[in-house]
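Q: Listed below, chain by chain, are the residues.
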Amino acid sequence: MMDVLIETRGLTRNYGEICALKPLDLRVNNGEWLSIMGHSGSGKSTLLNLLGGLDRPSDGFIRVGGEDLRVLSEDGMARYRREFVGIIFQQHHLIPYLTAVENIMMAQYFHSVPDEAEARTALERVGLGHRLKNRPGELSGGEQQRVCIARAIINSPRLLLGDEPTGNLDHGSTRVVMELLSELRAEEQFTIIMVTHNHEVAAWGDRTIYLDDGVMVREELKGD
Amino acid sequence: MLISIIMGASVATAFLGLAGELSFRIAMEMRNYGANILVEPMAAEQGGFLSDADLPKIKTVFWRYNITGFAPYLFGVIDISAGTKREKSVVTGTWFARLLTSEGEDESIQGVKVIAPWWGLSGTWPEAVNEAIIGAALAKRLGVVSGEEVTTTKERRTQIFRVVGIVTTGGYEEEQLFAPLATVQSLLGAPGRISRVLVSALTVPMDDFGRRDPAGMSKEEYEKWYCTAYVTSVAKNVEEVMSGSRAKPIWQIASAEGSLLTKLNRLMILLALLALTAAATAVSTSLMASMTERSPEIALMKAIGADSLQIIIVLLGEILVISSVGGLIGYLCGEQLAGFVSRSVFDASLQPSLWLLPTAVVSAMTVAMAGSIMPLRKALAIEPVQGLKG
Numbered sequence: 001m002m003d004v005l006i007e008t009r010g011l012t013r014n015y016g017e018i019c020a021l022k023p024l025d026l027r028v029n030n031g032e033w034l035s036i037m038g039h040s041g042s043g044k045s046t047l048l049n050l051l052g053g054l055d056r057p058s059d060g061f062i063r064v065g066g067e068d069l070r071v072l073s074e075d076g077m078a079r080y081r082r083e084f085v086g087i088i089f090q091q092h093h094l095i096p097y098l099t100a101v102e103n104i105m106m107a108q109y110f111h112s113v114p115d116e117a118e119a120r121t122a123l124e125r126v127g128l129g130h131r132l133k134n135r136p137g138e139l140s141g142g143e144q145q146r147v148c149i150a151r152a153i154i155n156s157p158r159l160l161l162g163d164e165p166t167g168n169l170d171h172g173s174t175r176v177v178m179e180l181l182s183e184l185r186a187e188e189q190f191t192i193i194m195v196t197h198n199h200e201v202a203a204w205g206d207r208t209i210y211l212d213d214g215v216m217v218r219e220e221l222k223g224d
Numbered sequence: 001m002l003i004s005i006i007m008g009a010s011v012a013t014a015f016l017g018l019a020g021e022l023s024f025r026i027a028m029e030m031r032n033y034g035a036n037i038l039v040e041p042m043a044a045e046q047g048g049f050l051s052d053a054d055l056p057k058i059k060t061v062f063w064r065y066n067i068t069g070f071a072p073y074l075f076g077v078i079d080i081s082a083g084t085k086r087e088k089s090v091v092t093g094t095w096f097a098r099l100l101t102s103e104g105e106d107e108s109i110q111g112v113k114v115i116a117p118w119w120g121l122s123g124t125w126p127e128a129v130n131e132a133i134i135g136a137a138l139a140k141r142l143g144v145v146s147g148e149e150v151t152t153t154k155e156r157r158t159q160i161f162r163v164v165g166i167v168t169t170g171g172y173e174e175e176q177l178f179a180p181l182a183t184v185q186s187l188l189g190a191p192g193r194i195s196r197v198l199v200s201a202l203t204v205p206m207d208d209f210g211r212r213d214p215a216g217m218s219k220e221e222y223e224k225w226y227c228t229a230y231v232t233s234v235a236k237n238v239e240e241v242m243s244g245s246r247a248k249p250i251w252q253i254a255s256a257e258g259s260l261l262t263k264l265n266r267l268m269i270l271l272a273l274l275a276l277t278a279a280a281t282a283v284s285t286s287l288m289a290s291m292t293e294r295s296p297e298i299a300l301m302k303a304i305g306a307d308s309l310q311i312i313i314v315l316l317g318e319i320l321v322i323s324s325v326g327g328l329i330g331y332l333c334g335e336q337l338a339g340f341v342s343r344s345v346f347d348a349s350l351q352p353s354l355w356l357l358p359t360a361v362v363s364a365m366t367v368a369m370a371g372s373i374m375p376l377r378k379a380l381a382i383e384p385v386q387g388l389k390g
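Residue numbers (our numbering), protein chains in the order written: chain X, 1 to 224; chain H, 1 to 390.
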């Protein structure tokens, strides 16, 4: 039996009177690649934010890697995010006045100690060894996303979250990014949870769940 | 934000730099309103006298450079006549504008002309031993005008003076005849004697310590008191070199001067604080706008694991670096501003005050930190999810 990394029971998130995520029971195994699909407003990003410690549930139980996220303080949540989670954003969210390598080092700084050699190696792993000193504005969308991936994995997270990481990329760049994530996962053995609209992207996962209006309506295993 | 800090540090530096210069200039101006130390014989009530041989020593005391001028006086009652008019009056022997040479010191001009520049004189100052100036009231009663002679008699000694000027002061001086000290000493039969000395000195405002009786002070306290330019310690200096004298502050002058200078310094410090407060408010406003603008960046820092302390360190670090640069530039601008004001108002250049550099930098950093309290609270309250949505 595989060990469970993530477990939620009755996980709920309300924004005022709007229920963005209705009571959800979910288990994700260690090392699994889970894709989450659904149309806009279905609760995909809300679930991802709760799993990443970026938001707090209104109700229900959520445990990730043995941490009960409901009881963590603000600084405890920050520690959880820097030590346990890596996040790949659709909009990349790179600091525009820092170079690629400096963007990676910033994540190192908040985690422990900046190490430029290690940051360079991370960028080389995502194929950007020749773009170390370029600022985000000088990089293509695909390159920026690879910097974002390097930043997400630099502190060796156990859980990698992707919020539509290929949403702004063309087909070629999407394939490059997905192959890269697949290779990294094979090397690092981290768990991936990825929100996407794209069935091709979702198909890279071991399992796909479908959300609709805050409710999990369907679940597919790879090959189904 | 940098401009706000530069403006605040500039104005504060200029005010603080000018405060010292302004105090000095006002103190110099105040010296024109009369001497602030009176030196009398120890036994003045018994008709004692001081010796004019001690006068050059006044410019050799510890606080000699603070003594801007002094004048000796010898008073005597004489019979004075002009034409057919005669009466008893007071003759005052003094120095008008005497070139004084003190051992080991530069030459200086001392006398009434130096310490009482407000005297209105119609005519010229006496230069010859038999020239005198006469108070306006006395001149009127005797019917004397400039160029005429008056005859003075004391016991069997007679001295004829040629009047070269009429003095108007609005005070008791208008009832007297003023003549060279040596001539009056001969007339009164008091060679080498003087009745009093009026000293004009630059002093610092009196405080509680300055008002204490030096007789009750410890050695260290006495040294501190002696080495501070209180009017009392300068008076003590003078007393030490004038044999048989007692020197005391003329309090109506000294206290008015001290009070004015204290208020002036308070005003300048208050204005500097107001400038810094205005700068802190401007810094706070611009930082609040900056935090709004940088919400996504701060949210990202939080999303990748920065805790509150790390956010504060990053933002405050930036603020302190910017404020240090702002303080340095503010100091340089403030020095120029103070120099401009000093040249415009006092027609004098201002010496750069290096002590203001750390003051300006620390002030700028303090202002920036004070102004960043609210913006930092705002930054810490940014929710990662909301901030990243933009």
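Since the hints were derived computationally from the structure, they do not count as laboratory data. The beta-carbon is built from N, C-alpha and C at its ideal position, and this holds for glycine as well. Some hints could be false.
[As the list claims (entries may be wrong)] Covered stretches of chain X (chain H as the covering partner; in silico rule of three or more C-beta atoms under 8 Å from a C-beta of chain H):
#1 24-37
#2 48-55
#3 65-78
Q: Look at each hint and say if it fits the structure.
A: Hint by hint, here is what the structure shows:
1. 24-37: As far as the stretch 24-37 of chain X goes, the hint is violated, because 0 residues have Cβ atoms under 8 Å from chain H.
2. 48-55: The restraint on the stretch 48-55 of chain X holds, since 4 of its residues have a Cβ under 8 Å from chain H and three suffice.
3. 65-78: Contact hint for the stretch 65-78 of chain X vs chain H: holds, 3 residues under 8 Å.
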